[in-house]
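Enquirer: Listed here are the chains, written in short residue letters.
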Amino acid sequence: MSAATSVGPVVPAVPGARRRSRGRWNAPLVAGLILFGLIVLCALCAPLLTSYDPIKQDLTNAFLEPGSKGHLLGTDSLGRDVLARLLYGARVDLQVGVLAVISPFVIGSLIGLIAGWFGGWLDAIVGRVVDMVIAFPFLVLVIALVFAMGPGTTSIYTAITLVGWVAYCRIVRGQVLVAKEQEYAMAARASGLPTWRILIRHLLPNVLLQAVVFTMSDIVLTLLAIVTLGFLGLGVPPPTPDWGTMIQEGQQFILDKWYMSTIPGLAVVLTGLALALIADGIVEKANR
Amino acid sequence: MKYLVYILKRLVSLIPVLLGISFIVFFLIRLIPGDPAATLLGSHATPDAVRELRNQLGLNQPLWSQYLTFLGHLLTGDLGFSYVYDSPVGGLIGASLPVTIWLLVSGTVFTLLIAVPLAVLAAARRNGILDNIIRTVPIAGLGLPAFWLGIMLILVFGLKLKLFPVAGFGDTLGAHIHGIILPGITIALTLAPILIRSLRASMIDVLSSDYIVTAHAKGISTSRVVLGHALRNAAVSSVTVLGVNIAYLTGSTLVVERVFSLPGIGQQMINSILGRDFPTVQGITLIFAIMVVVVNLLTDVTHAALDPRVKLS
Chain A
1 MSAATSVGPV
11 VPAVPGARRR
21 SRGRWNAPLV
31 AGLILFGLIV
41 LCALCAPLLT
51 SYDPIKQDLT
61 NAFLEPGSKG
71 HLLGTDSLGR
81 DVLARLLYGA
91 RVDLQVGVLA
101 VISPFVIGSL
111 IGLIAGWFGG
121 WLDAIVGRVV
131 DMVIAFPFLV
141 LVIALVFAMG
151 PGTTSIYTAI
161 TLVGWVAYCR
171 IVRGQVLVAK
181 EQEYAMAARA
191 SGLPTWRILI
201 RHLLPNVLLQ
211 AVVFTMSDIV
221 LTLLAIVTLG
231 FLGLGVPPPT
241 PDWGTMIQEG
251 QQFILDKWYM
261 STIPGLAVVL
271 TGLALALIAD
281 GIVEKANR
Chain B
289 MKYLVYILKR
299 LVSLIPVLLG
309 ISFIVFFLIR
319 LIPGDPAATL
329 LGSHATPDAV
339 RELRNQLGLN
349 QPLWSQYLTF
359 LGHLLTGDLG
369 FSYVYDSPVG
379 GLIGASLPVT
389 IWLLVSGTVF
399 TLLIAVPLAV
409 LAAARRNGIL
419 DNIIRTVPIA
429 GLGLPAFWLG
439 IMLILVFGLK
449 LKLFPVAGFG
459 DTLGAHIHGI
469 ILPGITIALT
479 LAPILIRSLR
489 ASMIDVLSSD
499 YIVTAHAKGI
509 STSRVVLGHA
519 LRNAAVSSVT
529 VLGVNIAYLT
539 GSTLVVERVF
549 SLPGIGQQMI
559 NSILGRDFPT
569 VQGITLIFAI
579 MVVVVNLLTD
589 VTHAALDPRV
599 KLS
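Line order of the protein sequences matches chains A and B.
Just so you know, the first sequence maps onto residues 1 to 288 in the working numbering.
Just so you know, the second sequence maps onto residues 289 to 601 in the working numbering.
If you are wondering where the hints come from, they were derived from the structure by calculation, not from laboratory data.
Be a bit skeptical, because a hint or two may be false.
Straight-line C-alpha distance at most 20 Å; calculated SDA-like pairs for lysine to any residue [said to hold, decoys possible]:
no., chain 1, residue 1, chain 2, residue 2
1, B, K450, A, Q251
2, B, K290, B, V513
3, A, K285, B, A489
4, A, K285, B, S486
The task is simple: from the sequences and hints, build the whole structure.
Expert: Written out as structure tokens, the structure reads:
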């Protein structure tokens, strides 16, 4: 029994190969993890890195250039410290970005697991629903849903869950279709284990890798969606700092104060790069 | 003949998807917290006005009957009526849709202009310096917010270098083309990274196959082998990748239009959201989905034209 559970569908036949492929680090993964770690650290230590309040206005000190005394990255049109807003904005955007991926991941994977395993009419219905949702451009449906439910963090989470689960469902369902024909799955079935136990203990660990890899690129997509919502004025309500809102506020002063939009945009690009590198690294590690 | 049958089959298979789309769009209005009619009219509405709108929207009827009415209107081309613009939603969309299609075409053309040469170069000189650069740099593009990139391009090429208009679409064909270049490049720069990676991978795959080795052995020049023999086969799988991503990027036109003040349906959707014009938002959401369905159909048809094996299955 224990032999059946430990043998996954993609284990290479060469002895020792498994350990080598799982154990070795690669450049993109290390670079991505370090970069992302630094960004998270900056977000967590925001109160230590700046003494300014990100939402406190100081109109006498508005539009200070980066490098001004006391304001490393300058101040915005309302005299708020840009560095403070950037750091506290990282907290908001990263938190929403990561949390908003969890429920689509869990719900989508479970539905994909069940639909793929049982097949039949259940699978047909799930397939139809997935087809419906992916017919919409991700951003358009998220924006329409947030609009209908009203602005706020709860709406953002709900909208992203309602649209995002289909990707995980498709990935896991595809994996389950392959895995359920494998010997270990048939052995588990033949031994008369309860279905939920086969699914959770035997199948799930083997079909989840692809979904986990996708999580990384999904966080990038979700982060972009959140920042875009902020840019459009549908995101985290002001005055809470958010990178998208900062870019939008800077846009009207772009000719004279180019840095106001540029700096938060670079923060998004760096975060996206870090996550993309991690995703690349995981794929490389899994394929080797 | 087989090709026609294939297209017909694909068209028939679209019916349930289109029904599903209409279903989701219909349910958008159900998500409005509380009484949709009261929310739509705002807090100053009189109870009479709310009651009238409820009747107009058919909110008093059972759900299935509301949906059938909605579907019936859609089938006759009636997308609803915008109270904010005091005009049919279909007319609003008809006026702005061409701009969005211009933008999509421009984005696709620039994507191909950027991605195909780079991917071919990288694959032809695999593991060379150029390949390593072409492989790594696009990773940075994956997390690039399209709207921010647009603002940066406006800053550099519009405001500083004054090469392109900063906003708007102009009235003449020349102005249209001039105005659509920078937005198209914005879309291309976010889409090209994905295409470069997939096209490079399939080029490398194809370049190691037997028929390429034979072509080399026959003494055909490298450039002809790569461009004439390999590219066509590598393109087959990349067409699908491009199609899927154009569908995704149809969503980006929304923000790119906003940044460049292009009067397309994306810009119209944002304005309608800010004006709480629900029927228009609903109609545009529907049109966006139909655009994706059409792009997917075109992708499959192109794929089938490039790869004769598809039609047989």
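Enquirer: Next, verify each hint and record whether it holds.
Expert: Now the hints, each set against the structure:
no. : hint            : result
1   : K450/B x Q251/A : holds (17 Å)
2   : K290/B x V513/B : violated (30 Å)
3   : K285/A x A489/B : holds (17 Å)
4   : K285/A x S486/B : holds (19 Å)
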